[in-house]
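So the sequences go chain by chain: Z and P. Residue numbers for the first sequence follow numbering that gives the first Met the number 0, so the first one is 0 and each next one is one higher. Residue numbers for the second sequence follow numbering that gives the first Met the number 0, so the first one is 0 and each next one is one higher.
Bear in mind the hints are in silico, worked out from the structure with no lab data behind them. Quantities reported herein were computed from a predicted structural model and do not represent experimental measurements. Ideal placement from N, C-alpha and C gives every residue a C-beta, glycine not left out. Treat the hints with care, since some could be wrong.
[To be verified] Derived contacts from chain P toward chain Z, CB cut-off under 10 Å, selection only: (1) R38; (2) L40; (3) Y101; (4) K102; (5) A108; (6) I124; (7) D127; (8) G128; (9) E133; (10) F134; (11) G157.
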Amino acid sequence: MKVLKIILFIILFIGFPQLKSDEKKNELKSKILKNVRCLICQGQSVYDSESEFALSIKLVVEKKINNGKSEKEIYEFLRKKYGDWIIYEPKLNKNTYILWLLPLLLFLLGGAIIYRNLIIKKN
Amino acid sequence: MKIKLKLFILFIFLSFCFIIFYKGLSNSNIYAPKVNDKRNLPNFEAKNFSSNININSKKIFEEDSFYILNIWASWCIPCRKEHPLLMKLSKNKKIKLIGLNYKDNLNNARKFINKFGDPYSQILIDDDGTLAIEFGAYGVPETFLINKNKMIIKKFVGPINQKIVDEIKLIIK
Numbered sequence: 000m001k002v003l004k005i006i007l008f009i010i011l012f013i014g015f016p017q018l019k020s021d022e023k024k025n026e027l028k029s030k031i032l033k034n035v036r037c038l039i040c041q042g043q044s045v046y047d048s049e050s051e052f053a054l055s056i057k058l059v060v061e062k063k064i065n066n067g068k069s070e071k072e073i074y075e076f077l078r079k080k081y082g083d084w085i086i087y088e089p090k091l092n093k094n095t096y097i098l099w100l101l102p103l104l105l106f107l108l109g110g111a112i113i114y115r116n117l118i119i120k121k122n
Numbered sequence: 000m001k002i003k004l005k006l007f008i009l010f011i012f013l014s015f016c017f018i019i020f021y022k023g024l025s026n027s028n029i030y031a032p033k034v035n036d037k038r039n040l041p042n043f044e045a046k047n048f049s050s051n052i053n054i055n056s057k058k059i060f061e062e063d064s065f066y067i068l069n070i071w072a073s074w075c076i077p078c079r080k081e082h083p084l085l086m087k088l089s090k091n092k093k094i095k096l097i098g099l100n101y102k103d104n105l106n107n108a109r110k111f112i113n114k115f116g117d118p119y120s121q122i123l124i125d126d127d128g129t130l131a132i133e134f135g136a137y138g139v140p141e142t143f144l145i146n147k148n149k150m151i152i153k154k155f156v157g158p159i160n161q162k163i164v165d166e167i168k169l170i171i172k
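The following block holds chain Z by itself, in its conformation from the complex:
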């Protein structure tokens, strides 16, 4: 009985890191797939879609993760094949400057207006 317990413990001990790593891989896979747009069923992410295209993308992403590719490398691969639009989060480039900088500018402008009003009130 004692031997059995030891064997069970060893099996669990060996299997645990494997389970942990699979869990991490699945988390990464879900994270990537939620950020990839399904080009067939627009408005849905690949994660939510069951189209043939989405199923293939899911397989490709899984293969790349198992081959040790990073999140950034996988996005880069998909961008190369399908363009920037396939990723929900747009890259900072000449076409997306306004998109990225406008919230910051509005924030600064709002801050300046509030600051100015506060000073006026104080005076």
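Chain Z is already provided as a structure; the job is to place chain P on it using the hints.
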């Protein structure tokens, strides 16, 4: 004066919004990925349809000629429409046609080829659709034109038509 300025700013803002949305109305709502057409051929391994042996892409595209890679499936109705044009194109000696059988039942694919003819010098199997992703495809049928430097120079989404065939012929001339 202050109210006038505010109204002016509001007018400018609303005009700006109107122009943006008005321009948006004329845009097509069918999205086609904007990617550089010219890119290197991906390096891959695929199963041959008739021999079931794995072949490397370098071996598939080894000849010094133009290639067409056509993604097809027996269940794809538009593929039947473009097939006669592919048959015609296969008679051109300057170009070799490679078929990529996409997520298909092999028996049905064989029946399709027996019924409509085989325009391909080689057919590859893509049973899970991952090879099509390597090419940047997102459905069937899709056709890629590959030049002698093994670069993908054109991509045609959907079934090819006479206009596309003429365009291909002009490029390989």
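Now for the hints, and whether the structure bears them out:
Look at P:R38: its Cβ gets to within about 7 Å of chain Z, closer than 10 Å, so that hint holds up. The interface hint given for P:L40 is broken, as the beta carbon of that residue sits about 13 Å from the closest beta carbon of chain Z, more than 10 Å. Evaluation of the P:Y101 hint against chain Z yields a held restraint, the C-beta minimum of about 8 Å falling below 10 Å. Satisfaction of the interface hint for P:K102 is found here, the shortest Cβ-Cβ separation to chain Z being roughly 6 Å, below the 10 Å cut-off.
For P:A108, the interface hint is violated, since its Cβ never comes within 10 Å of a Cβ in chain Z; the closest pair sits about 16 Å apart. Because the smallest distance between the Cβ of P:I124 and any Cβ of chain Z comes to about 14 Å, over 10 Å, the interface hint for this residue is violated. With its C-beta approaching chain Z no nearer than about 5 Å, P:D127 sits inside the 10 Å limit, and its interface hint holds. Given the 10 Å rule on beta carbons, the hint for P:G128 holds: about 3 Å separates it from the nearest Cβ of chain Z.
For P:E133, the interface hint holds, the least distance from its beta-carbon to any beta-carbon of chain Z being 8 Å, beneath 10 Å. With a least beta-carbon distance of about 8 Å to chain Z, the hint placing P:F134 at the interface is held under the 10 Å criterion. For P:G157, the suggested interface contact is broken, since its CB lies about 13 Å from the closest CB of chain Z, more than 10 Å.
Against the hints set out earlier in the document, violations occur for numbers 2, 5, 6 and 11.
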